Amino acid sequence: MRSKQTAIGAALAALAVLCALFAASASAAPAWKFETKSLEGTEVILGGAYESALTVPGLTTKCENFLYKLTIENSAGTGKGSLTEMPLYNCTTNSSACTVSKISAEKLPYASHLATFGTTNYIVIEGVKVPILYAGEECVLGGTLVTVTGSAGGSIDNTAETATFNSSTLAASKTELKAIGQKIEWSGLFPTEAFQWHREQALSVS
Amino acid sequence: MILALVVAALLFCLAGCGGGSSDPADSTSSTETSAAGDGAASADAGKGSAGTQEKAGADSKQASTEKGSANGAQPTSGGSNGSGSEGQKHGPRIAQPKGAPEQGPTPAEIANATVANMSLESPAIVASAGSPGRLAATYTCDGAGSWPAFHWGGVPPGTAELVLYAMNVQPVEEKLFVDWAVAGLSPSLTDIEAGKLPKGAIVGSNGFGKQGYEICPSGGGEIYMFAIYALPQKLSPPKGFDGREFRKEVLDVSGNVGLLPAVYERG
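For the protein sequence lines, the chains are G and E, in the order given.
My numbering numbers the first residue of the first sequence as 1 and each following residue consecutively.
My numbering numbers the first residue of the second sequence as 1 and each following residue consecutively.
This list has only true hints and no planted wrong ones.
Beta-carbon label-pair distances, calculated as ranges: (1) G:T99 with E:G220: 25 to 31 Å; (2) E:V253 with G:T92: 26 to 32 Å; (3) E:D142 with G:S96: 26 to 32 Å; (4) G:E106 with E:E193: 37 to 43 Å; (5) E:G220 with G:E106: 34 to 40 Å; (6) G:T99 with E:G153: 25 to 31 Å; (7) E:T190 with G:T159: 51 to 57 Å; (8) G:S168 with E:G219: 24 to 30 Å; (9) E:K196 with G:N94: 33 to 39 Å; (10) G:A29 with E:E193: 50 to 56 Å; (11) E:S188 with G:S96: 35 to 41 Å; (12) G:T60 with E:V126: 21 to 27 Å.
Below, in silico cross-link-like pairs of lysine-lysine (DSSO-like), each with a Cα-Cα straight-line distance of 27 Å or less: (13) G:K62 with E:K175; (14) G:K129 with E:K98; (15) G:K62 with E:K248; (16) G:K174 with G:K129; (17) G:K102 with E:K248; (18) G:K102 with E:K175; (19) G:K129 with G:K178; (20) E:K210 with E:K248; (21) E:K98 with G:K107; (22) E:K199 with E:K210; (23) G:K107 with G:K174; (24) E:K234 with E:K196; (25) G:K62 with E:K98; (26) G:K80 with G:K174; (27) G:K102 with E:K98; (28) G:K178 with G:K107.
To be clear, the hints were calculated from the coordinates, so they are not data collected in a lab.
All figures in this text were calculated on a predicted structure; none of them were measured in a lab.
Glycine residues also receive a C-beta, built at the ideal position from the N, C-alpha and C atoms.
In isolation and in its complexed conformation, chain E is listed as follows:
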């Protein structure tokens, strides 16, 4: 009876104590089998300790390792040091990279860039579960067609003017499509109310040829980017300025921007 109890409890343990411990390594059995047949020399070398392997394989493998710098871009994937031949146990081969690896921006380039380090938020555009926020129809041509409230932060000291934009993320006929451009905002501002602009705001022309705000996708939906640019010098464009052209000037002088993507889908 005790034996039966012990066996039953052990079975219980195996089923439950491990917390659903389905071991992913179990699935390696087939891989291991195939591995045994392929790189036998490597497998033999691998039987010892790391130190032993080092001695056994140092001459041939160290050379491979030296070649095997990711930055050097010598190997393709597959441990084959770029041979890419068929019949090896490992998966698909990666094409040899062409040219030099991409480089990061230099300090001078960073100084000249518009750095996306300001915050821009809207209570009407809230991201959820990793997806960009959605724009309600009321803020589009399918509804009242007015802008939501926005608030921002991180305006750098020395900012002379703020400029607010709404743009299509994807260009239209190869050109940036501006849905809304507002210049002349005071650097001391941190928000605007829905449908209202502060005194001194200068409204530009958008891609629809309208002085004002219009979010109106031609199809079933679009992804938009709202942006607040901080300008270290006043540009003060004239009323009705061309939003698309003016943004080039903005990028020339702007050091910082806050970005807020939003998705609008009809129906």
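Pulled out of the complex, with its shape left as it was, chain G reads as follows:
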């Protein structure tokens, strides 16, 4: 009888260990992977937004081209990144009276990391600072320098190899971008594609 109890106890203990190991593995921080293998060393992701728009209430600023260069690595099992370049091209507004006089990403590089919220993996970009100087005598923000600051989380789609940023992904990743004391909207769809040692390899986050 005692040996049977001991056996059951041992089995349960082993089970608890297995369960704990499984749970730990499942909740591990997400990492960058190429062809399902964890990235070793660094890689450069480079691309342009398929679309991107930033809205200070009522006034949307769009850039025809919105490129980015992100150096990624896995550090202690967690995907990290450093956004080193983010040039913007041909930026306009949705107001006939307003033009974008000056705009650029400042204080680069922006640190980034991967994080899981719910069942979705996100890339969180921190320390964003984008000053925008609007022009136009008849523009409500003419001659005004508005600075967008904060952090932004975009959801990773492994199949499409994209990161999507919008108000839902910012909220889900507990990030926010602010300007003029308000939360502002930013939408963007970016490819997440390696450009250096892993070109043409499937990049995933898990």
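Guided by the hints, dock chain E onto chain G, whose structure is given.
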């Protein structure tokens, strides 16, 4: 029996212990399959360690990387270094940027700009869930038509006069539409009460040709911008000044502004 218990518990673990761990990477299987067929050379290079890959691919890929500066704007997206040809595994191509990238404001431009670094708030206009605050009908021509209370902060030292504006965010017939313009406010002021103006306030004419406040969209709604400008020198316009014209003077001298957007929607 023990085996059954273990199996049942393991199943439980798989279902629940992971905290709903649906792995997003699962969805990569199709991508991986397609990747195997396409960039085979790259895939082969990728089999080694990062160091190995570096040796194997350094010559050809480093060149690509050097071209692949986002600022240099050489590549289109797609890892194709701009070829944009069909049949590659990756997604849509991005058009090659034309011209030079946008530049940030220079220190001289910042010095000349009106910097939106003051705060402007109203208890009647509170943003929620990332949306701009809403203006109640009582503060429009659909209600009492008077202004809400405002308070502001961050007035820079040396300010000589404060000027308060309400404007449509979108121009009307290509022109800025001013709904309210009040000059002559003391720099020591930090708020105004709803429907009241302090002594010394100078009220200008708005886009409706009225000396005073009027928020009255022509359609179902509008987005408005309230603004408090801090002027380093007194402009002291005459009573009934043209709000739209006067704002040009304000922008010429103003160094700082607090902005508060508000949405009004009828019904």
